[in-house]
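Protein chains: 2
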Amino acid sequence: MTVLVFLDPAFFDGRIVDAHVPAIMATDQGVTRGDGIFESLLAVNGVPRKLQAHLDRLAGSARSMQLTLPDADIWKRAIATALTTFVAASPQAPDEHGNTSVLIKLICTRGPEGEETPTAWVAASAVSPVLAAQREKGLDVLLLDRGYESTISSRAPWLLLGAKTLSYAVNMAALRHAHANGGDDVIFISGDGQVLEGPTSSVLLAHVSNDGGKTLKRLITPSLDNGILPGTTQGALFAAAKDAGWELGYGPLEPRDLFDADAVWLISSIRLLAPVNTIDGVEIGTADVRAALTSELSALLAQTH
Amino acid sequence: MTVLVFLDPAFFDGRIVDAHVPAIMATDQGVTRGDGIFESLLAVNGVPRKLQAHLDRLAGSARSMQLTLPDADIWKRAIATALTTFVAASPQAPDEHGNTSVLIKLICTRGPEGEETPTAWVAASAVSPVLAAQREKGLDVLLLDRGYESTISSRAPWLLLGAKTLSYAVNMAALRHAHANGGDDVIFISGDGQVLEGPTSSVLLAHVSNDGGKTLKRLITPSLDNGILPGTTQGALFAAAKDAGWELGYGPLEPRDLFDADAVWLISSIRLLAPVNTIDGVEIGTADVRAALTSELSALLAQTH
Numbered sequence: 000m001t002v003l004v005f006l007d008p009a010f011f012d013g014r015i016v017d018a019h020v021p022a023i024m025a026t027d028q029g030v031t032r033g034d035g036i037f038e039s040l041l042a043v044n045g046v047p048r049k050l051q052a053h054l055d056r057l058a059g060s061a062r063s064m065q066l067t068l069p070d071a072d073i074w075k076r077a078i079a080t081a082l083t084t085f086v087a088a089s090p091q092a093p094d095e096h097g098n099t100s101v102l103i104k105l106i107c108t109r110g111p112e113g114e115e116t117p118t119a120w121v122a123a124s125a126v127s128p129v130l131a132a133q134r135e136k137g138l139d140v141l142l143l144d145r146g147y148e149s150t151i152s153s154r155a156p157w158l159l160l161g162a163k164t165l166s167y168a169v170n171m172a173a174l175r176h177a178h179a180n181g182g183d184d185v186i187f188i189s190g191d192g193q194v195l196e197g198p199t200s201s202v203l204l205a206h207v208s209n210d211g212g213k214t215l216k217r218l219i220t221p222s223l224d225n226g227i228l229p230g231t232t233q234g235a236l237f238a239a240a241k242d243a244g245w246e247l248g249y250g251p252l253e254p255r256d257l258f259d260a261d262a263v264w265l266i267s268s269i270r271l272l273a274p275v276n277t278i279d280g281v282e283i284g285t286a287d288v289r290a291a292l293t294s295e296l297s298a299l300l301a302q303t304h
Numbered sequence: 000m001t002v003l004v005f006l007d008p009a010f011f012d013g014r015i016v017d018a019h020v021p022a023i024m025a026t027d028q029g030v031t032r033g034d035g036i037f038e039s040l041l042a043v044n045g046v047p048r049k050l051q052a053h054l055d056r057l058a059g060s061a062r063s064m065q066l067t068l069p070d071a072d073i074w075k076r077a078i079a080t081a082l083t084t085f086v087a088a089s090p091q092a093p094d095e096h097g098n099t100s101v102l103i104k105l106i107c108t109r110g111p112e113g114e115e116t117p118t119a120w121v122a123a124s125a126v127s128p129v130l131a132a133q134r135e136k137g138l139d140v141l142l143l144d145r146g147y148e149s150t151i152s153s154r155a156p157w158l159l160l161g162a163k164t165l166s167y168a169v170n171m172a173a174l175r176h177a178h179a180n181g182g183d184d185v186i187f188i189s190g191d192g193q194v195l196e197g198p199t200s201s202v203l204l205a206h207v208s209n210d211g212g213k214t215l216k217r218l219i220t221p222s223l224d225n226g227i228l229p230g231t232t233q234g235a236l237f238a239a240a241k242d243a244g245w246e247l248g249y250g251p252l253e254p255r256d257l258f259d260a261d262a263v264w265l266i267s268s269i270r271l272l273a274p275v276n277t278i279d280g281v282e283i284g285t286a287d288v289r290a291a292l293t294s295e296l297s298a299l300l301a302q303t304h
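Residue numbers (numbering that gives the first Met the number 0), protein chains in the order written: chain A, 0 to 304; chain B, 0 to 304.
Derived from the structure by calculation, the hints contain no laboratory data.
Here are some chain B residues pointing at chain A (derived, C-beta under 10 Å):
| no. | residue |
| --- | --- |
| 1 | Gly29 |
| 2 | Glu112 |
| 3 | Arg145 |
Okay, the calculated bits of chain B under chain A, using three or more residues with CB under 8 Å as the criterion:
| no. | segment |
| --- | --- |
| 4 | 14-21 |
| 5 | 172-186 |
Beta carbons: idealized from backbone N, C-alpha and C, even for Gly.
Bound-form chain A, shown alone (with noise of 0.2 Å):
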């Protein structure tokens, strides 16, 4: 089930709708042009994670596109509508750690034709467990092109690289043709050569060395000059490995570097750090220590809120 709430000014903490019923004009142009933005968040033990990282997103997003954007207090309190009503309705069923995680979806179109009037909302549902196989089995990825040259970003800002909008056809497309070609994901490569993100999520890696008997844990992850998503979730668990003692590195990363790493993984705010077992049929590191890393890595980012 889908619990919608619309940020509505008549409604102090939101409006809540039925989801069986149609709840958008059909002149929106988050249908008409999938002129809209949205963030996708994960709702732990009732606690939305990384809010705020999630807001500012948002409105970065609407910077780029120039959309108005509802204050972030009204998205709280309608997502904390959202939350509490979708809990109530369907209470969901702990994982092995005793949590319960309920994925949050903001969106916020330009409205209907017009009319200079956004339409936003909250959506809860359920967490496809899809995803926690995922983290659990690994994923095979294909490297992709993405067309565009890691330059072109700031030159060209109405390409709204960097921007989360509702026009996401194109990433739809690279999973499906990443499922008809034996592939679980895809890691985009742009024009040039370098290594951008996933469809869904960004790329990590991490090198493990030895410097006489010192163990030296690096974790990289392309630099944002490409012009590729701030990712919320690469950022907090960042944060909790260079407080465990991991260096931290910024790419401009090649294909080379992933197939030379110790571990690669696409990480986002639902499906968290998922290891990517082979790229184009290629195995990345070895089973033990892609296992190992992803352990120590996921119980950091557990820590983080």
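Please arrange chain B on chain A, whose structure you already have, making use of the hints.
This is chain B only, laid out in the frame that chain A set:
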């Protein structure tokens, strides 16, 4: 006003829906991911123009997206219902040639998340008077980088180039960028410097020369190899121009070909043939030649169906 007619197996001629009430589920993938396709076409005096070409292109977009599309006959009946309902409710004033026009949009999304049923509808509405004014006055256009190489389309089908998807956020952002910088519209250039298309139109240019007293007229459009959308109106005009003695040519074209042309147009199904007065502030040809060629080609276009 807008008339909405949903394609619904329970309604042979389509299901008329009040456009003032929400008609789309908030979980529809057309909303949440821009995951769907569309066509815009003009009905003149109650007859949809180039209907088969639009239905064919819609079917091509559906194939690129692996989207299930209702049969053409179902679309045709829903279009007829939308047209007659709209004209009865909102008779349109005839233009200077005594013709009445109605804008028809065909939309098909992947449907609500978790269901495999596409959402499909026809919307009939009035044509914006801005478009006739742009045909009359002409356009100031900016060249903007589309970010893709001209060769990417065939080797990266997941980029959905050549499909008319609902993920139009970049097209809309490019138009906003133009408006904020003194322009009316945009011509996209590929990363490797080739002329592509407008955000909602095809690009045409004309060369007129004299060869021993005989006037040679040449109409040129970028090649589809670039990954641009095949223009239904460009196609119709090319056929009519050929019959009228014009030579036809297909790109690759570079920006200098636009600046060297006797006239440049943006052409599309609703705005039809709109002359480009300036590109990046530089006048194209002369006002007299632009007006004469626009008049000649508009007359040819008016005879097409």
